[in-house]
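Using the sequences provided together with the hints, build the complete structure.
Protein chains: 2
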Amino acid sequence: MASHSRNIDIDMDKDNNSYNKNNKNDILVTPWEVHGDLEDKNYVKLIEKFGTQSISQEIIEKIKKLTGEVHPLIKSQYFFSHRDLDWILNKYEKGEPFYLYTGRGPSGFIHIGHILPWLFTKYLQDKFGSKLLFQITDDEKFLYNVGITKETISNYTYENLLDIIAIGFNPKLTKIIIDTKHINHLYPIATEIARKITFSTAKAVFGFTNTTNIGMIGFPPIQAAPCFLPSIIEKVPTPVLIPAAIDQDPYWRVTRDIAEKLGFYKPAQIHSKFLPSLSRLYKMSSSKPETAILTIDEPEIVEKKVLSAFTGGQPTISLQRKLGANADICPVYWYLKYFFDDEKESFERYIKCKSGNLLCGECKSDLANHTRDFVIEFKAKREKAKDKVEEYMFD
Amino acid sequence: MASHSRNIDIDMDKDNNSYNKNNKNDILVTPWEVHGDLEDKNYVKLIEKFGTQSISQEIIEKIKKLTGEVHPLIKSQYFFSHRDLDWILNKYEKGEPFYLYTGRGPSGFIHIGHILPWLFTKYLQDKFGSKLLFQITDDEKFLYNVGITKETISNYTYENLLDIIAIGFNPKLTKIIIDTKHINHLYPIATEIARKITFSTAKAVFGFTNTTNIGMIGFPPIQAAPCFLPSIIEKVPTPVLIPAAIDQDPYWRVTRDIAEKLGFYKPAQIHSKFLPSLSRLYKMSSSKPETAILTIDEPEIVEKKVLSAFTGGQPTISLQRKLGANADICPVYWYLKYFFDDEKESFERYIKCKSGNLLCGECKSDLANHTRDFVIEFKAKREKAKDKVEEYMFD
Chain A
1 MASHSRNIDI DMDKDNNSYN KNNKNDILVT PWEVHGDLED KNYVKLIEKF GTQSISQEII
61 EKIKKLTGEV HPLIKSQYFF SHRDLDWILN KYEKGEPFYL YTGRGPSGFI HIGHILPWLF
121 TKYLQDKFGS KLLFQITDDE KFLYNVGITK ETISNYTYEN LLDIIAIGFN PKLTKIIIDT
181 KHINHLYPIA TEIARKITFS TAKAVFGFTN TTNIGMIGFP PIQAAPCFLP SIIEKVPTPV
241 LIPAAIDQDP YWRVTRDIAE KLGFYKPAQI HSKFLPSLSR LYKMSSSKPE TAILTIDEPE
301 IVEKKVLSAF TGGQPTISLQ RKLGANADIC PVYWYLKYFF DDEKESFERY IKCKSGNLLC
361 GECKSDLANH TRDFVIEFKA KREKAKDKVE EYMFD
Chain B
1 MASHSRNIDI DMDKDNNSYN KNNKNDILVT PWEVHGDLED KNYVKLIEKF GTQSISQEII
61 EKIKKLTGEV HPLIKSQYFF SHRDLDWILN KYEKGEPFYL YTGRGPSGFI HIGHILPWLF
121 TKYLQDKFGS KLLFQITDDE KFLYNVGITK ETISNYTYEN LLDIIAIGFN PKLTKIIIDT
181 KHINHLYPIA TEIARKITFS TAKAVFGFTN TTNIGMIGFP PIQAAPCFLP SIIEKVPTPV
241 LIPAAIDQDP YWRVTRDIAE KLGFYKPAQI HSKFLPSLSR LYKMSSSKPE TAILTIDEPE
301 IVEKKVLSAF TGGQPTISLQ RKLGANADIC PVYWYLKYFF DDEKESFERY IKCKSGNLLC
361 GECKSDLANH TRDFVIEFKA KREKAKDKVE EYMFD
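Read top to bottom, the protein sequences are chains A and B.
Counting from 1, position 91 in the first sequence corresponds to residue 91 in this note's numbering; the numbering is continuous, with no gaps.
Counting from 1, position 46 in the second sequence corresponds to residue 46 in this note's numbering; the numbering is continuous, with no gaps.
Hints in this document: simulated from the structure, not taken from any laboratory.
Wrong hints could be hidden among the right ones.
It does not matter which identical chain is used: a pair holds within one copy or between any two.
As the list claims (entries may be wrong) - Simulated crosslink set (DSSO-like; lysine-lysine; CA at most 30 Å straight-line):
#1 LYS381 <-> LYS62
#2 LYS150 <-> LYS266
#3 LYS235 <-> LYS150
#4 LYS261 <-> LYS150
#5 LYS266 <-> LYS344
#6 LYS196 <-> LYS288
#7 LYS181 <-> LYS150
#8 LYS381 <-> LYS122
#9 LYS344 <-> LYS127
#10 LYS261 <-> LYS181
#11 LYS364 <-> LYS381
Now the structure itself:
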């Protein structure tokens with residue numbers, strides 16, 4: 001899994017991915033880089049380009065029927081796209097349980113942008129009683145980052161593991177797979193998958209070139225394998241739902257293409273947007289720690305980062321009072337909306353901001369308080385996670 | 001390892017391997033197919049094309065000095081080429097022991113053409129006291145043969161395992177690696193190797209194309225990994241000598257190119273020729289069982305196969321008495337020479353054949369007797385091997 005972790009400040013014109021022939025203002029999205037403006041219209045374009053579906057009112061009604069509620073991240077369209085979500089809900093309704101599967105590429109420390117889909121995944125686990133496979137793709141991060149050492153990846157793997165466990169997934173229903181540790185479970189399925197994918201297909205989907213190393217070319221089946229592992233574990237075809245940021249979609253698309261040939265269900269997905277960095281409307285990247293709130297940050301650092309965040313505000317207070325500010329491009333507003341404000345609070349904040357009745361300092365102060373408290377609490381959970389590592393391991 | 005196991009009756013003009021731009025009469029050699037006339041002059045061309053070295057008189061003298069003798073398969077130039085054999089012998093002489101590493105791709109039953117390099121490997125183990133890693137590339141065979149099932153590969157793996165153990169390697173010094181079983185030991189090194197090999201290089205060396213599946217493209221590091229495993233096991237850079245047919249050379253060439261970058265010695269090799277089939281001067285293939293003597297064949301089948309072998313004889317007895325026969329293109333002569341005749345016997349047989357003083361029936365009868373006895377004895381060893389499987393396993 002590569003989501004949320006690449007440095008995205010690359011040249012927008014650099015595009016060796018035939019799957020991503022973008023206009024200059026579109027989002028460039030591959031499993032290894034995300035770049036561009038995170039505006040709603042660009043997400044709509046992604047749905048078209050990737051051939052996924054938006055989450056319809058019918059699906060939202062079905063979720064409400066099955067769970068009694070609709071999660072704020074669906075209401076707010078943070079989870080905005082899917083493949084076969086309707087199918088998997090129908091299966092569930094008819095008594096066929098599904099697995100959840102998500103992951104993390106351990107190329108840095110965890111920031112709170114990573115955590116949002118994980119909290120949502122836990123929510124799904126609680127609501128649907130789903131078993132969860134959580135894959136840590138330490139191999140991919142080593143293969144992709146030619147300058148990185150195994151020791152560094154291993155260190156990030158352990159640190160990330162603590163974050164994953166701190167989320168509070170049900171330990172009876174959750175197994176964490178670390179690729180290099182559990183490769184013996186993944187490899188037999190991965191070879192079956194690999195045999196069905198030509199270089200031609202992989203080149204088109206992932207943008208591989210002559211300079212790509214053969215480890216990266218051979219990797220996608222390793223990330224695809226956990227889609228089919230539940231069927232092997234349960235000894236019966238088992239639906240799988242993958243909550244993840246949309247940059248991972250190429251993996252699932254090739255996986256879906258070959259699933260039925262191997263006798264498995266196509267994995268279903270629910271795709272999130274990217275949480276922007278604190279500096280501009282880019283995806284948050286833990287490789288630029290000054291613009292990301294890390295779970296290992298000390299509370300005073302968190303506050304400092306929030307207080308120096310980019311906002312949608314006007315250059316002066318008087319202008320802001322007069323013209324209002326632009327919540328639509330404001331990461332502070334987004335963080336409050338997705339993480340801390342309820343629907344009503346967020347709506348009121350939006351109206352007050354737009355109308356000039358709210359100054360950025362106030363929002364920053366709200367966010368600083370919330371994130372500081374969040375990080376303090378989360379760090380305590382991370383500490384406790386140190387004793388639970390074995391409990392969560394795949395075997 | 002793919003040696004000795006591909007069906008070689010493909011169209012000689014089919015050549016998607018840039019490493020193998022052959023004239024029509026050359027041997028076509030890749031890890032997955034060998035085709036063409038097995039004449040000495042073609043092996044000389046292979047040395048030039050692959051950039052390996054012939055085994056010099058100095059090396060033969062060094063072997064004699066170290067072991068007190070020269071193995072018949074070196075004298076007869078069945079092992080005809082090498083990389084760094086002189087270097088590894090010098091290391092040994094100075095007190096630095098080396099590992100042996102060879103392997104088998106389990107795509108069929110074992111024929112006696114497979115066994116010859118293994119017997120030679122055992123000889124080296126006995127003479128040099130070397131530890132041996134023996135790799136069974138069940139993953140590669142599954143990836144390469146798109147029509148084959150895991151069950152079939154698994155069955156061949158077990159049957160081949162019995163043959164390997166029946167060779168009589170020193171169990172205290174020998175560990176057998178089955179890729180899918182021991183992938184957790186191979187994968188960490190394989191990712192280090194994979195990161196250093198671009199698709200461009202792999203394409204040039206192995207002839208991969210757009211239609212190659214990504215499993216095959218990702219595979220070479222798995223076969224390269226045991227070259228470096230000894231250094232990891234011994235916790236000190238450890239020389240490795242690979243006795244194998246020359247079709248495997250592409251693997252070791254890319255491995256040698258990146259070895260020092262990873263802090264390992266380049267693996268040394270000693271390359272064998274191919275044992276021809278009984279039908280024509282092609283490499284013996286167990287996928288054409290009627291032209292190969294299998295270790296599972298019943299003795300009467302062995303006899304029948306030998307008696308219907310192709311020879312270098314004349315159409316009639318009187319012509320043969322008059323003109324002599326052609327031992328140089330005769331698989332019966334070759335089998336006797338490499339397997340059963342000593343140097344003197346082989347020389348006498350050659351002279352008598354060429355001068356018309358030996359009829360093919362006599363040679364066939366000699367070979368039938370020898371092979372029947374060999375197979376009877378080997379089958380008994382295979383039976384005993386069934387109790388030794390665990391003893392030889394890597395872990």
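Hint by hint, here is what the structure shows:
Taking identical chains as interchangeable, the C-alpha atoms of LYS381 and LYS62 are never at most 30 Å apart, the minima being 34 Å within one chain and 66 Å between chains. In this assembly of identical chains, the alpha carbons of LYS150 and LYS266 lie at most 30 Å apart only when taken from different copies (22 Å versus 33 Å within one copy). In this homomeric assembly, LYS235 and LYS150 come within 30 Å of each other (Cα to Cα) only across copies, at 17 Å, whereas the closest approach inside a single copy is 35 Å. Within a single copy, LYS261 and LYS150 get their C-alpha atoms only as close as 36 Å, which misses the 30 Å cut-off; across copies the closest is 15 Å, which meets it.
Taking CA atoms no more than 30 Å apart as the test, LYS266 paired with LYS344 passes in neither setting, with 38 Å inside one copy and 67 Å between copies. For the identical chains of this complex, LYS196 and LYS288 are inter-copy neighbours only, at 27 Å across copies versus 38 Å inside a copy, given an alpha-carbon limit of 30 Å. With identical chains, the CA atoms of LYS181 and LYS150 are at most 30 Å apart both within one copy (13 Å) and between copies (23 Å). Taking identical chains as interchangeable, the C-alpha atoms of LYS381 and LYS122 lie at most 30 Å apart only when both belong to the same chain, with a minimum of 15 Å there against 57 Å between chains.
With identical chains, the CA atoms of LYS344 and LYS127 are at most 30 Å apart within one copy only, with a shortest distance of 23 Å there and 83 Å across copies. With identical chains, the CA atoms of LYS261 and LYS181 are at most 30 Å apart both within one copy (28 Å) and between copies (25 Å). For the homomeric pair LYS364 and LYS381, the shortest alpha-carbon distance inside one copy (25 Å) is at most 30 Å, but the shortest distance between copies (79 Å) is not.
Violated hints for the displayed structure, listed by number in ascending order: 1, 5.
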